[in-house]
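From first to last, the protein sequence lines are chains A and B.
Numbering-wise, my numbering puts 149 at position 149 of the first sequence, and it's gapless, one number per residue.
Numbering-wise, my numbering puts 399 at position 157 of the second sequence, and it's gapless, one number per residue.
Some hints could be false.
Said to hold, decoys possible - Counterexamples of contact, computed for chain B against chain A with all Cβ distances above 12 angstroms: (1) ALA318; (2) ARG338; (3) SER353.
As the list claims (entries may be wrong) - Listed next, the stretches of chain A that the computed footprint assigns to chain B, with coverage defined by at least 3 CB atoms under 8 angstroms from CB atoms of chain B: (4) 152 to 160; (5) 184 to 193.
Calculated directly from the structure, the hints in this document are not laboratory data.
All values reported here derive from a predicted model rather than from experimental measurement.
Cβ coordinates follow ideal geometry from the N, Cα and C atoms, glycine included.
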Amino acid sequence: MRLRAVLALAAALVLAAPAAAQAFTVYGAASLSAALPQIDNSPRYNFAGSNQLQLQIERGAPADVFASASPAEAQALFRAGRCSRPVTFATNVLVLVTPRSNPAGLRSVYGLRGGNHRLAVGTAGVPIGAYTRQLLRRMQLTSILTTNTVSLEPNVNSIVAKVGLGSADAGFAYVSDWKAAAARLHRINLPTWAQPPVRYQMCAVRRPGADTANANRFMARVLASRGRAVLARFGFGVPPRG
Amino acid sequence: MNRAQFLRLGVAAATGAGVLAAPAAAALPVPAPQGDDVGYLSFGAVAELTSLAWYRRALRARGFSAGERRRLTAAATAKRAHIQRINAALGPDALRPGDFAPSFSSSSLASRDRAVALGREVEDLLVGVYLNGAAFARDSATRLLIGRLLAYDAQQLAWLRGLMGGLAGAGLPSPATLEQAGARLDALITTPSFDNSREDDRP
């Protein structure tokens with residue numbers, strides 16, 4: 001009996017060891033890569049396209065919190081029982097960015113109708129790509145995806161990098177991305193009426209060994225006054241409290 | 243009224259008459275917007291929602307007679323129906339509650355005259371875009387839907403012109419592209435407020 005108890009204790013310690021060794025990890029949308037570490041720099045962060053992160057979590061990646069750039073990914077994990085009920089913590093607005101010098105001389109998104117520009121756009125699966133296509137459908141501008149030379153990017157950071165380096169004449173990004181790279185990028189506003197509702201949602205990941213306590217603490221920090229102030233400073237909108 | 247305005251009015255009247263003579267709504271073909279058709283309907287949904295917001299605000303404003311208030315109430319009901327019809331046609335691109343929450347500057351509603359001018363401007367945009375949509379939408383059922391919306395909103399535009407002391411039948415606005423109409427609509431509304439009453443799984 002005593003031997004069995006000792007063996008059980010040993011087994012429990014062995015199983016607990018890897019979980020304890022793993023750092024508390026936040027999987028976040030690429031567009032949050034500047035803001036979230038300013039709210040809390042203690043977690044280990046993994047930033048990428050929300051759809052990629054969702055896939056990784058579905059395959060058992062060691063995430064504790066998931067913060068996505070659209071509700072689709074977080075809600076899918078919630079429906080699958082892989083995370084807590086998502087909460088909306090930020091909003092954003094789409095803009096067209098060009099290199100600071102704007103060598104193509106673009107003044108409006110309608111200038112892309114002429115074609116022959118190099119355009120950086122998110123893939124259809126990543127939120128920035130889905131939002132961009134929704135906006136273009138509303139504005140009757142889907143044709144610009146065929147009349148221009150389009151490079152499809154896996155996340156918004158790739159779009160900003162490509163435009164900032166001058167490898168693209170323009171790209172669709174969030175206003176928060178422009179704000180973070182305003183020294184390198186020129187911003188062209190897109191019509192308010194055509195803006196899709198960009199909402200960020202986060203949830204605590206449910207998996208064996210997940211650090212739920214830290215996940216809840218982290219989410220509370222993001223939703224608190226200081227977290228909201230940091231998000232606003234980085235150009236995000238914040239939902240009303242409640 | 244010049245010749246161009248007269249011709250546009252004639253086309254719109256013919257469209258409206260044809261539409262009004264159409265069989266019951268249940269028998270109408272189901273719109274299946276193709277290509278740029280989505281743009282006409284998306285703008286229509288946003289502008290109809292803006293128009294609905296205006297009718298609701300106007301009902302709270304002073305200076306309207308009992309008869310005018312009845313008309314405002316009926317128009318608000320019609321606008322809700324317009325949004326539902328457009329959303330049904332848009333399918334996955336439909337405007338959902340919270341997607342767009344238009345509001346107006348308080349100065350634009352400071353007096354009855356200003357309020358009516360604002361409402362007229364919104365109807366003017368709708369009629370302008372619907373005129374374009376009725377002419378150029380690729381899907382015939384979408385064109386029919388736009389024609390029905392146009393017929394109603396043209397009547398509302400005429401009524402609001404009448405409230406301003408103008409001639410109700412003083413021609414229709416020029417057909418408007420989304421580029422033109424979008425810029426004008428953006429200038430009429432303040433930044434939409436965020437509504438987190440829905441946390442759905444779009445985009």
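For each hint, the structure was consulted:
The Cβ of ALA318(B) lies farther than 12 angstroms from every Cβ of chain A, with a closest approach of about 20 angstroms, so its non-interface assignment holds. For ARG338(B), the shortest C-beta to C-beta distance to chain A comes to about 8 angstroms, within the 12 angstroms cut-off, and the non-interface label is violated. Interface exclusion of SER353(B) from chain A stands, the closest Cβ pair being 25 angstroms apart, more than 12 angstroms. Residues of the stretch 152 to 160 of chain A with a Cβ under 8 angstroms from some Cβ of chain B number 0, which does not satisfy the need for three, so the listed coverage is violated.
Taking a C-beta to C-beta cut-off of 8 angstroms, the stretch 184 to 193 of chain A contributes 3 residues in contact with chain B, enough for the three needed, and the coverage statement holds.
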